Amino acid sequence: MDLRYTEAEEGFRAELRAWLDQAVPLLPPKPDRNDWPGRRAYDTAWQRLLFDAGYAGLHWSVEAGGKGATPTEHLIFLEETERAGAPYVGANFVGLLHAGPTIDAAGTDEQRRRYLPGILRGDDVWCQGFSEPGAGSDLASLRTRAVRDGDDYVVNGSKIWTSHAEVADYCEMLVRTDPDAPKHKGITWLIVPMDTPGITIRPLETVMGTSEFAEVFFDDVRVPVANRVGEENDGWRVTMVTLSFERGTAFVSEVVACQRLLHELAALAKKVTRRQETAWDDVALRRELGHLTAEFEALWALTKWNVSEAQRSGVPGVGGSVFKLRFSETKQKVYELAHRLLGRAALAVDDVAGLPGATLMDERLSSLSYTIAAGTSQIQRNIVGERILGLPKER
Amino acid sequence: MDFQLSEDQRDLRSGVREFCEGRFDRERMRALVDTAPVPGMVDRALWRELAETGFFSLRIAEEAGGVGLGVAEAVLVYEEAGRALLPGPLVATHLAASLPGRLGEEAAAGDVVVGLIDGESWPLLVEHLDALDCLLVLTDDGIRRVDPALVRGTSVAHPVDPFTPVTAVDELPVGEAVADARVVAEWRRVGAVLTAALQLGIAGRLTELATRYAKEREQFGRVIGGFQAVKHLCADMLVRTEIARAAVYAAAVTLDDPAVGDAEVAVLTAKVMGDDAATRNGKDATQVYGGMGFTWEVDVHLYVKRSWVHATQFGAAEENEAALAATL
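Protein chains in written order, with full-length UniProt numbering: chain G, 1 to 395; chain X, 1 to 328.
Simulated from the structure, these hints should not be mistaken for lab results. Every value quoted in this text rests on a predicted model; they were computed, and no experiment measured them. Honestly, I wouldn't trust all of these hints.
[What the hints assert, rightly or not] Distance condition first, Cα-Cα at most 20 Å in a straight line; then the derived SDA-like pairs of lysine to any residue: (1) K215/X with P392/G; (2) K333/G with L328/X; (3) K30/G with L20/G; (4) K215/X with R395/G; (5) K333/G with A322/X; (6) K283/X with L328/X; (7) K305/X with L124/X; (8) K393/G with E216/X; (9) K271/G with L124/X; (10) K333/G with A284/G; (11) K215/X with I383/G; (12) K305/X with P162/X; (13) K215/X with G390/G; (14) K67/G with E9/G.
Whole structure, please, built from the sequences with the hints as guidance.
This is the structure we're talking about:
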């Protein structure tokens, strides 16, 4: 067990840190949460800076145009990026962490040449067309149909919870090509340009009153057969091969951010008072903060454990579900605590009386989604129970 | 960075597991608790055999006759001890083995059973007093050595953990100083991490027991592990165990190499997460076993009770959480 970074890894960290110090100030001011074109421009500008500096697609294979960095280097990259206050993948999330790796793993040479450079440069933004109104946790029950017609598939149906749909150039999409096959078979993975006629995007308003994601309707949308990644009816396997990438290092930045947030909450607790006593004077509250500190310290150790395991084996382990489950539930508790600390200042999603309510209450509302998005906690518990512990499936 | 077990560490772990299964299997464990009178939980012959496998001398330098390994290896050994529910003041004797002179040598060899208490709290309860050759008393200023025969107190009739007899102490003799404040600080850290490792072993064993039972026990015509309500209890137990494992191993590595992190935070985290995993897994495992889990016959309660004992050693959750908050 060795937690010491190698000389090469330390060198990489130092070089990256120096670059971040001069690159982050070049960024424009952060756009408003609801300003999708602004958000796209901001995130893709950052991606372009990364590309020009040679940091784009760090964890991608060299053949795909990436750097073929080790999981540890990727961990260092995300840790340093977060510490420097630089943006995380943002609008480039699907392209960089899912669609790109999938095309690299299962696509043709032509598809790699055509789509991967645009993702790395920040020219193209992707969205994910997996979930449907009737197929969320039970993803394989999706019903959006694609019927072969000459050199095209004709797609009809709808997708939901599609982040960045309004500003995306492409959609990585799962469609049903054989309705008679068992539900995990008969699914195909398609690349759909978002400007194809027949696509309608309807933003969905979230509990925050923002349009964080959209519903996307497909009405006789013609997609060339050449846009199919992998074999027809083999889309489920194609998806599963790369879905775990999302879980390997996806939360590195967030663990670092949560550790910083706990320091901010401690400062807040020393400021707010009730009946002349500060919240910090309350030992129960301090214990809660201390417990959360232990949780994130342990989650950081678990991140390093999982990353080292991935580095040894070359594939992300099943530990992703263990991590996702505990992380999302613990992060939710941090914002519950922030909510209580704000007291009556929590009546506003604004900064009131100099307290950071705008951020904290916005995140408090947002935190309701942590245990739903990217696989609900209930699904994660099934995965842990069935795939790790070998318990039988229900039914 | 390679935060995974090395080949040698894997071999060490499997060797210790084999030893525990061979010398202190379930039958012997149950025989001890079902028939042996309290006290008498420390078997001198087994104690020496434990010493031979390096339980106490693991971190002593090779030139001094030890094994010359670090806290990273010690946590793997103590995790197995926790898993096997080995009784006795293992951590205290391990710490005593690092003392210079005869006491250290005898502790390393398994010739003496050494107990330890933190004398700065009240009420003062000593574990295994009747079995001890030596009792070490920790204060912020240093460590004193006390003759167990001179300790005035009352042996408790019903200890919560049947393997851990306890004596409520009225008065401690002053004893002789054997180490200074610097040693106390180090012992408190190593002791907390090794105790957290015992808790990790307990948490993992409880997960195994509950999962195995969930795969066998049938209700409503199918095994209960297929029901989400039960499956999710088992999943939570595994998650707690793996989080505690990462925390305990990271703390051990940090004690061996302070350059890789904040030792203070890492140690407190290990104990908080180890205690949390063991005690909460104890509750959930009992729940999975249902009515059977509430019987003396099923082993689960023995793990629950031991986890409660360890949760009071080298810092309880209250202190550790408050100490962590103070680092913010």
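Just pull the numbers of the violated hints for me, sorted ascending. Failing hints, ascending: 6, 9.
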